[in-house]
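Colleague: Listed here are the chains, written in short residue letters.
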Amino acid sequence: MSVPLTLLGLLEREPSHGYDLKREYDTYFGRGKPLPYGQVYATLARLARDGKAVAGEAEPGDGPDRKRYAITPAGTADVEAWLAEPAEPEPHLQTVLFAKVVLALMLGRPAERYLDTQRARHLRRMRELTELKRSGPLVDMLLADYGLFHLEADLRWIDTTSARLSELAEMVHAA
Amino acid sequence: MSAGGSLIEARDITKSFGQTPALRGASVSVAAGEILAVMGPSGSGKSTLLHCLAGIFPPDSGEIWFDGQQLDKLSEAKRTELRRTTFGFVFQFGQLVPELTAADNVALPLLLNRVHRKAAYQAAASWLARLGLEGKGGRRTGELSGGEAQRVAVARALAIKPKVLFADEPTGSLDSLTGEKVMDLLVSLTREEGTTVVLVTHDARVAAYAEREVVVRDGKVTTLSDVGVTRLCSGSACGCPCAAGGKRRRGSR
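Chains Y and S, in that order, give the protein sequences. FYI, in the numbering used here the residues of the first sequence are 1 to 175. FYI, in the numbering used here the residues of the second sequence are 1 to 253.
Where hints are given, some of them may not hold.
Listed next, the stretches of chain S that the computed footprint assigns to chain Y, with coverage defined by at least 3 CB atoms under 8 angstroms from CB atoms of chain Y [stated by the list, open to error]:
no., segment
1, 204-213
2, 218-225
Residues from chain S that keep clear of chain Y, each with C-beta distances beyond 12 angstroms, as calculated [claimed, not checked]:
no., residue
3, Gly5
4, His51
5, Glu63
6, Lys78
7, Arg130
8, Lys136
Since the hints were derived computationally from the structure, they do not count as laboratory data. Think of the CB as a built atom: it goes at the ideal place given N, C-alpha and C, for glycine as much as any other residue.
The task is simple: from the sequences and hints, build the whole structure.
Modeller: Here it is, written out as structure tokens:
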């Protein structure tokens, strides 16, 4: 799960303060693991240093940092590239896929296409493992099976999510 | 072969059953010798696509090309002949004659193609052996296990040495280990014979035996590509799996 890219994605939707970003992150992506304030501000500072976001003037009010951050074109390009790039197929990547789907829907980007790209990447890995299984010794077969069953579970999640995209989009836009 | 090097091709085909559209402008092409998986959820139209490609159903509109011939323009008699002599079929179940022996079932399509009886039964015995069913030729197929019966079905489909094997959920009624054995044999034998395979399945682990996959959704065919954003590895600080020394391009592995 990439916290910097997820925060950048939220900034693409609209310029925001660190506090609001944290609240939004926790609502959608935190799932019982809220983002510490320190990490939010440190990440925003790094994004600003790297030219991915710009900080506005400090605004009067409480709290450690009242700057409003906005995404730059370089930041937008990073978000676009991250969303479009399929993740390496591996067990337990659901959180990354979940974040990509929700963000894509929020930003009106083609979530279904991203899921299809991921589906193709998964199937390619499954083909490689199947070949390995057909030609290798029993130990390789067992290891390949382990991978295949996990990838299959991810694929089933991808299929179900594809079928629920319009429902999810409504939920995300209503929030 | 038709244009573009494909052996079999559907061009923008539609097919409805009564008021229910099953295919709404589906296009797909399969290269000679290729094993293509056709995936998709239930009711997406993937089996209808297979039936149209095999000339079982004529499409309502669009064209089906096979080996330079427009299949949907052929007479029913010609299409039947093509299915008997050039196409092999494996379905989920119900394709074997339970009262006949395994050898009878495999020999049957050869006899229909006017192969001499002795030669047909010799070929049947050889195919049964290639599918690991030596000594079972005399058993009635109703007495065989599900996996054995499905291997007889594969033997029967391949016995005529078809140019294309159409398989619709060939392991759908088998447990996963038995299904794997059937798929393993099906892939090995069709590769040895150079047979083109169109494999309809909803099961990703079965589709993984194919060389390429397409997805049917709402009666249309989507070709999947996993090439995302192509980036060059920027070396040891890149963090990508090839940073240890490879020069692989991400997204085009």
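Colleague: For a quick check of understanding: which of the numbered hints are violated here, in increasing order?
Modeller: No hint contradicted; all consistent.
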